[in-house]
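Novice: Please model the entire structure based on the sequences and the hints provided.
Order-wise, the sequence lines are chains A and B.
All letters in the first sequence, in the order written, are residues 1 to 302 by the working numbering.
All letters in the second sequence, in the order written, are residues 1 to 256 by the working numbering.
Source of the hints: derived by calculation from the structure; they are not laboratory data.
Where a beta carbon is used, it is the ideal one built from N, C-alpha and C, also for glycine.
Be a bit skeptical, because a hint or two may be false.
Mimicking DSS-like on lysine-lysine, the simulated pairs with C-alpha atoms at most 30 angstroms apart in a straight line are [said to hold, decoys possible]: (1) A:Lys-210 <-> B:Lys-51; (2) A:Lys-74 <-> B:Lys-254; (3) A:Lys-283 <-> B:Lys-80; (4) A:Lys-74 <-> A:Lys-210.
Heads up, incomplete: computed chain A residues facing chain B, CB under 8 angstroms, no partners named [unchecked claim]: (5) Ser-11; (6) Leu-15; (7) Leu-23; (8) Ala-243; (9) Glu-297; (10) Leu-298; (11) Gly-299.
Derived CB-CB ranges, DEER-like [to be verified]: (12) B:Trp-219 <-> A:Gly-123: 38 to 48 angstroms; (13) B:Trp-219 <-> A:Ser-275: 38 to 48 angstroms; (14) A:Pro-199 <-> B:Asp-31: 57 to 67 angstroms.
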Amino acid sequence: MQVYLPIAEVSVNILLLFGLGGLVGILSGMFGVGGGFLITPLLFFMGIPPAVAVATGANQIVASSVSGVLAHLKRRTVDLRMGTVLLTGGIAGAAIGVWVFNLLKGMGQVDLLVRLCYVVFLGIIGGLMFFESLSALRRSKRGGPPRRRHHGRLHGLPFKMRFRTSGLYISAIPPALVGLCVGVLSAIMGVGGGFIMVPAMIYLLGMPTKVVVGTSLFQIIFVTAFTTMAHAITSQTVDILLALVLLIGGVIGAQIGTALGTRLKAEQLRIALASLVLLVCGKLALDLFLTPSDLFELGAGG
Amino acid sequence: MIRALPVLLALALSLPVSGRAEEVVMGLSRDSVAITTDFNGSEVLIFGAVKREAAIQADPPLRVIVTVAGPVAPVAVWRKERRFGIWVNTDSVEIDAAPSFYAVASSAPWDESISEVEDLRHKVSIERAIRSVGAPMTITDSQSFTDALIRLREGNDLYETFYDSVEFRESTLFDVAIRMPASIVEGTYTTRVFLTRGGKVVSQHASTLEVRKVGLERWLFNLSRNQPALYGLLSIVIAIAAGWGASAAFRALKSG
Chain A
1 MQVYLPIAEV SVNILLLFGL GGLVGILSGM FGVGGGFLIT PLLFFMGIPP AVAVATGANQ
61 IVASSVSGVL AHLKRRTVDL RMGTVLLTGG IAGAAIGVWV FNLLKGMGQV DLLVRLCYVV
121 FLGIIGGLMF FESLSALRRS KRGGPPRRRH HGRLHGLPFK MRFRTSGLYI SAIPPALVGL
181 CVGVLSAIMG VGGGFIMVPA MIYLLGMPTK VVVGTSLFQI IFVTAFTTMA HAITSQTVDI
241 LLALVLLIGG VIGAQIGTAL GTRLKAEQLR IALASLVLLV CGKLALDLFL TPSDLFELGA
301 GG
Chain B
1 MIRALPVLLA LALSLPVSGR AEEVVMGLSR DSVAITTDFN GSEVLIFGAV KREAAIQADP
61 PLRVIVTVAG PVAPVAVWRK ERRFGIWVNT DSVEIDAAPS FYAVASSAPW DESISEVEDL
121 RHKVSIERAI RSVGAPMTIT DSQSFTDALI RLREGNDLYE TFYDSVEFRE STLFDVAIRM
181 PASIVEGTYT TRVFLTRGGK VVSQHASTLE VRKVGLERWL FNLSRNQPAL YGLLSIVIAI
241 AAGWGASAAF RALKSG
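Specialist: Written out as C-alpha cells, the structure reads:
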C-alpha cells in the first residue's frame, strides 16, 4: 500500500514506514535511546530526500521524548534546572545548526555534511559501545570511562549554580556548551542527541546516572521542537504525514521493546545495538568512499 | 455576408492539397490528474484523428509524434569528484530550463519521424526541450551535464521515450498511453501532437493537463508554504499529543 508524502513528494510503502517506525521504536524501548540516529539514515536508504529526512526526524523525536519524559517526571528523575541551562545552549546551537544546514543546502553540500556527521558519530559511539560492552562481557576489570581531566578547571569557572536534583554546584558554562554542541548536531543530523548528551552529562558534568536520561529527554523535547519549527519556517522540509506514520509505529514499538528489553541480558543488548550502529555507519561510509554509480547529481536550481 | 459565402467556399475547395489539407485534432482521457494520499503514478491516454478533405497521400507516409511536458524549472547539476578519499560535489552547471517531466512517443522510428531542423524548431525531442544557455568558464564539457540530467531523470522514469509506440490506424486515428510516475510535480502539463510527412511538421495541436495535489495533500502542502509557522506548530502539537496519548494509553492498559 503506497502513500504519497506531500512534502517529500515521493510515494512510499506505508507498511514499510510503519515497520521502520516500529523497529526503531523497539530499539528505543530496549536500549533507552531516542532512535533518531537510526531513523534518519534509514529514511535516506528508502529514498526520502535527506533534507526532509532530517527535519521530519526531529519532529518524530519530539513525540518519543514526550512519551519518555512523562514517566521520568513521575519518578522525579528530571533535573529541571539543569535541563533549562542545557536547553538554552541547545536552542542557540540548533539555530546555528539550521543556519549552517541552509547555507550548505544552497551550496549543494548538505547531503555530504549530513552523511559525514553520521559516519563520524555513529562510528565513534558504535565503536566505544562495542568495545566497552565486550570488555564488560568478558568480566575483565572495566577500563573505566575517560575520567574528567577538566574537573579542576570546571570548578574555576564563573556563573556557579546549584543543581539540587543532581546534587551539583558547578558553573553554568559547561552544561550550556554541551547543550550548544548537541543543538548544532540535532539540527544537522535530525537527531535528539541523547546518545551524545548522556555520556557528556555523566563523564563531563558528573551528573548522577539516575537523573541523566530524564533530563536529557526533557531538554531534547525543546531542542527538537525548536529544530522542527526552524526547518518548517526556513526550508519547509517537515513532512507531517511521514512523521505521523513513523511515530505511530514508533510508539507501539517502544512498548514492545520495553517488554523485550527486560528479558535480555544488558551486555548482549548493548553489543547488539553497537553492531547495528556500526552496520548503519558502515553502509553510509561505503557510499562516501566507493565510486558512486553516477558521478552526477541533481539539485534545486535558482 | 451571404453573398461572400460561395466565394469563400470556392476558395477553400481550390486550396492545394499540400497546404493545410491535413489537420490533427487531439483529446485526452482526462484533463486533470489528482495527487491523492494513495497516488502512485497515473496513466493518460492521448488520442486523436487527422482531419482531411482530400484522399490520403501515401508517400511520404504520415507520422505522429506525441509529447507531454511538465512545468519547466531551472536545475543545478552537480558533478562529484574524489577529494581526500571521499566523493564530494565539486562542479555544477545550472540548466536554465528543464521540464520536470517529459515523455515523447512516435508512430515510427525517430529519424523517420522528424528531421533535425524541425526538431530544433519545435523542440520535440528531450535534448531539444531542455534549454541550457551557458556553463561557467571553468567547465569545458557542459554537454556531459545535460546528458547526466537526462540520464538521471530517465532512471526515475521522469523522462521517457517511446519510439514506434503510437498506434496509428489508416493514417487517420491514433492513440498512445503515457505513464506518469508517482514522483511527478504539480503544475500545468502541456501535451503536443505533431503530424509529420517526410520529416516536416505539417500540422500540430497542443492541449494542457492539470496535475494537482488534492484534499489533505493539497491542504498540507499549501499550509507548509503559506503559513510555515502554523505548520511547524501543528506538527509539534501532533507530536506532543501522540507522545502524551501513547504513554497515557499504555498506562491505562497496564493498570486495567
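Novice: If a hint holds in the structure, say so; if it doesn't, say that too.
Specialist: Status of the hints after comparison with the structure:
no. : hint                                        : result
1   : A:Lys-210 <-> B:Lys-51                      : violated, 83 angstroms
2   : A:Lys-74 <-> B:Lys-254                      : holds, 16 angstroms
3   : A:Lys-283 <-> B:Lys-80                      : holds, 19 angstroms
4   : A:Lys-74 <-> A:Lys-210                      : holds, 13 angstroms
5   : Ser-11                                      : holds, 3 angstroms
6   : Leu-15                                      : violated, 13 angstroms
7   : Leu-23                                      : violated, 17 angstroms
8   : Ala-243                                     : holds, 6 angstroms
9   : Glu-297                                     : holds, 5 angstroms
10  : Leu-298                                     : holds, 6 angstroms
11  : Gly-299                                     : holds, 4 angstroms
12  : B:Trp-219 <-> A:Gly-123: 38 to 48 angstroms : holds, 42 angstroms
13  : B:Trp-219 <-> A:Ser-275: 38 to 48 angstroms : holds, 43 angstroms
14  : A:Pro-199 <-> B:Asp-31: 57 to 67 angstroms  : holds, 60 angstroms
Comparing the model with each earlier hint shows violations of hints 1, 6 and 7; every other hint is respected.
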